[in-house]
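Enquirer: The opening residue of the sequence shown carries number 2 in our numbering; numbering runs sequentially from there.
Calculated directly from the structure, the hints in this document are not laboratory data.
Incorrect hints may appear among the rest.
Said to hold, decoys possible - With a Cα cut of at most 27 Å, we get these calculated BS3-like pairs of lysine-lysine:
id : residue 1 : residue 2
1  : K50       : K38
2  : K22       : K12
3  : K154      : K38
4  : K15       : K154
5  : K22       : K38
6  : K85       : K15
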Amino acid sequence: MASVIEQVQAKHKKQAVVDVKSGDTVKVHQKIREGGKERIQIFEGLVIKATRKNSLTSSFSVRRIASGVGVEKTFLIHSPNILKIEVVRRSKVRRNYLTYMRNLTGKSARLSGVDFDKESVNAIHDEIAEAEEAKIHEEQVESYDPEAAKAEKAEEEAEAKAATAEPETKE
């Protein structure tokens with residue numbers, strides 16, 4: 002029975018995931034469906050909780066202040082609606098669950114930063130998510146300006162054709 006569960010979990014687990022820790026400031030690129038349209042919404046905030054690191058049900062909670070109101074969202078790391086997670090900043094914290102941050106405002110809510118290699122932490126590429134993000138972006142461009150989208154597509158095809166054509170050799 003356990004092997005069946007492990008097989009299902011392995012099928013739905015993302016191959017490459019950014020290491021998200023409590024105290025990180027992250028940008029979460031989330032796919033949102035509104036009616037028949039899809040778009041990408043970016044939610045940036047402080048990670049106040051990270052749970053079950055290596056599990057399919059691993060999640061993290063992000064908090065930010067929007068228009069003077071505290072907003073918290075919990076994301077499943079392996080959810081197909083999460084396209085990308087970027088770590089913007091790392092902070093030094095001694096707790097895993099930063100509940101005390103809810104009561105702090107202004108300068109008292111600041112955390113001391115830690116130096117880290119931003120490029121190596123965010124260097125995880127998921128081809129499926131990137132392709133889906135490009136598809137959504139293309140649909141948004143087409144719905145905004147169909148003529149410009151057709152011209153852009155024609156330019157890309159011409160460039161691809163020129164790249165695949167064999168260059169002439171000079172004697």
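Enquirer: Now, for every hint given, state plainly whether the structure supports it.
Expert: Here is what the structure says about each hint:
| no. | hint | in the structure |
| --- | --- | --- |
| 1 | K50 with K38 | 31 Å, violated |
| 2 | K22 with K12 | 25 Å, holds |
| 3 | K154 with K38 | 21 Å, holds |
| 4 | K15 with K154 | 31 Å, violated |
| 5 | K22 with K38 | 32 Å, violated |
| 6 | K85 with K15 | 11 Å, holds |
The structure is inconsistent with the numbered hints 1, 4, 5, although it conforms to all the rest.
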